[in-house]
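There are 2 protein chains.
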Amino acid sequence: MNPAPSFTEAERKAVYRVIAERRDVRRGFLNAPLPDDLIGRLLAAAHSAPSVGLMQPSRFIVVRDAGIREAVHQIFEAANRRALDNYNGEQAERYSRLKLEGILEAPQNLCVLCDRENERGHQLGRQTMPETAVYSTVCAIQNFWLAARSEGVGVGWVSILDPVKLRKVLNIPSHLMLVAYLCFGYVEGFASEPDLERFGWERRIDLKTVISYDRYSEECAP
Amino acid sequence: MNPAPSFTEAERKAVYRVIAERRDVRRGFLNAPLPDDLIGRLLAAAHSAPSVGLMQPSRFIVVRDAGIREAVHQIFEAANRRALDNYNGEQAERYSRLKLEGILEAPQNLCVLCDRENERGHQLGRQTMPETAVYSTVCAIQNFWLAARSEGVGVGWVSILDPVKLRKVLNIPSHLMLVAYLCFGYVEGFASEPDLERFGWERRIDLKTVISYDRYSEECAP
Chain A
49 MNPAPSFTEA ERKAVYRVIA ERRDVRRGFL NAPLPDDLIG RLLAAAHSAP SVGLMQPSRF
109 IVVRDAGIRE AVHQIFEAAN RRALDNYNGE QAERYSRLKL EGILEAPQNL CVLCDRENER
169 GHQLGRQTMP ETAVYSTVCA IQNFWLAARS EGVGVGWVSI LDPVKLRKVL NIPSHLMLVA
229 YLCFGYVEGF ASEPDLERFG WERRIDLKTV ISYDRYSEEC AP
Chain B
49 MNPAPSFTEA ERKAVYRVIA ERRDVRRGFL NAPLPDDLIG RLLAAAHSAP SVGLMQPSRF
109 IVVRDAGIRE AVHQIFEAAN RRALDNYNGE QAERYSRLKL EGILEAPQNL CVLCDRENER
169 GHQLGRQTMP ETAVYSTVCA IQNFWLAARS EGVGVGWVSI LDPVKLRKVL NIPSHLMLVA
229 YLCFGYVEGF ASEPDLERFG WERRIDLKTV ISYDRYSEEC AP
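Those sequence lines, one after another, are chains A and B. Everything in the first sequence is counted per the numbering used here, starting at 49 for the first residue and increasing by one. Everything in the second sequence is counted per the numbering used here, starting at 49 for the first residue and increasing by one.
None of these hints come from the bench; they were simulated from the model. Mixed in with the good hints there might be a few duds.
Identical chains blur together in the list; that is why a pair holds if it fits in one copy or across any two.
For lysine to aspartate or glutamate, the following DMTMM-like pairs were computed, each having C-alpha atoms within a straight-line distance of at most 20 Å [to be verified]:
# : residue 1 : residue 2
1 : Lys256    : Asp84
2 : Lys213    : Glu125
3 : Lys216    : Glu153
4 : Lys61     : Glu199
5 : Lys256    : Glu167
6 : Lys216    : Asp262
7 : Lys216    : Glu266
Put together the whole structure using the sequences plus the hints.
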């Protein structure tokens, strides 16, 4: 084994910076498509995520076609109207003011799939906890998100979508699991706080309230 | 909104470097416990991961107690013996030579849980895709993993464990979902390739084989 050299203080700071300044972005996308090589770098970052048994189950669909994005946007609109019905009064008003997707404003979207039935990895690590296949794909998404932030590219995860309708629009075969739909692109800027905090939906909780030591402690309950 | 300044070329390189040089580490742990403030930085990185509706559902148990780690290690040993039974001949031999955990060698472990029934976030984003709660927790794990790499700390995800037995040892209440068990600590070094590739278990696949454009393409099948 050739040990890799350690990280400098400046490199370490950059890693913590990207983690702290990553945002879930749904507004302020610029109308400038990302160059292919940049999209390639982001997908390479995703592809090098950890995967159980080295099965690398993640599959990606880069969606640039305006008609397809329009169809996905309609799926969002329907799901979002139904979601709004579950809130009342002031909370409903707050919900309706939130901007929860940038499917059309961002010139490109990304659908992320997991091929969890794939035989690669020969089931290593998946016999007792088979859900680790899809977790591998989520690690890939977080890599993509962080790499994007460092390139000035905003990413927003859109989960207010009917998965059945989305699968149909994107022609996703039944053996692939739909994991995420993201909008991404150059943005005006990145806010210093999460949008949901800025617009009064929820507040972040203190780190101390989510840590236990040695065994789970009931005090760990924010 | 105060837009954050963009990343310098050097910062961007550090982000790609940490993504490329992160490894799943199960060997070479040093017998030197991590300082509390370092563990705190890693957990803060995890805690600042994206979460659906800003619900922040991730809960962490830092396991340092040797007796508890010994009990977890026994759970691994039993599950690993059963896993080995599923392989034959040369593959069984290869499997038995792999080092798949560092529960005892690493002076600390981390159990990661998801409080997916928590009302925080008021169900925003979880009505059509409720699985995004646990995905939020997996994003936290990837943040932890990358921050650790930049600090010279190796992390290994151990999924060869009986979840029921593990829950009992760590006193995890039924409403919390068990997501991951990690061993982590200072290490001798980081290999340049994944262990499973170095030891002939599996090979990485080409990025091009996992990307489709606009709609899923059957050619995207490695």
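Hints versus structure:
1. Lys256 with Asp84: between (42 Å within a copy, 13 Å between copies)
2. Lys213 with Glu125: within (12 Å within a copy, 44 Å between copies)
3. Lys216 with Glu153: Result: close neither inside a copy nor across copies, 22 Å intra and 49 Å inter.
4. Lys61 with Glu199: Both, since 16 Å and 10 Å are each at most 20 Å.
5. Lys256 with Glu167: Between copies, since 19 Å is at most 20 Å while 41 Å is not.
6. Lys216 with Asp262: Classified as between: cross-chain Cα gap 12 Å, same-chain 46 Å, threshold 20 Å.
7. Lys216 with Glu266: Answer is between: at 15 Å across copies they meet the 20 Å cutoff, but 44 Å inside does not.
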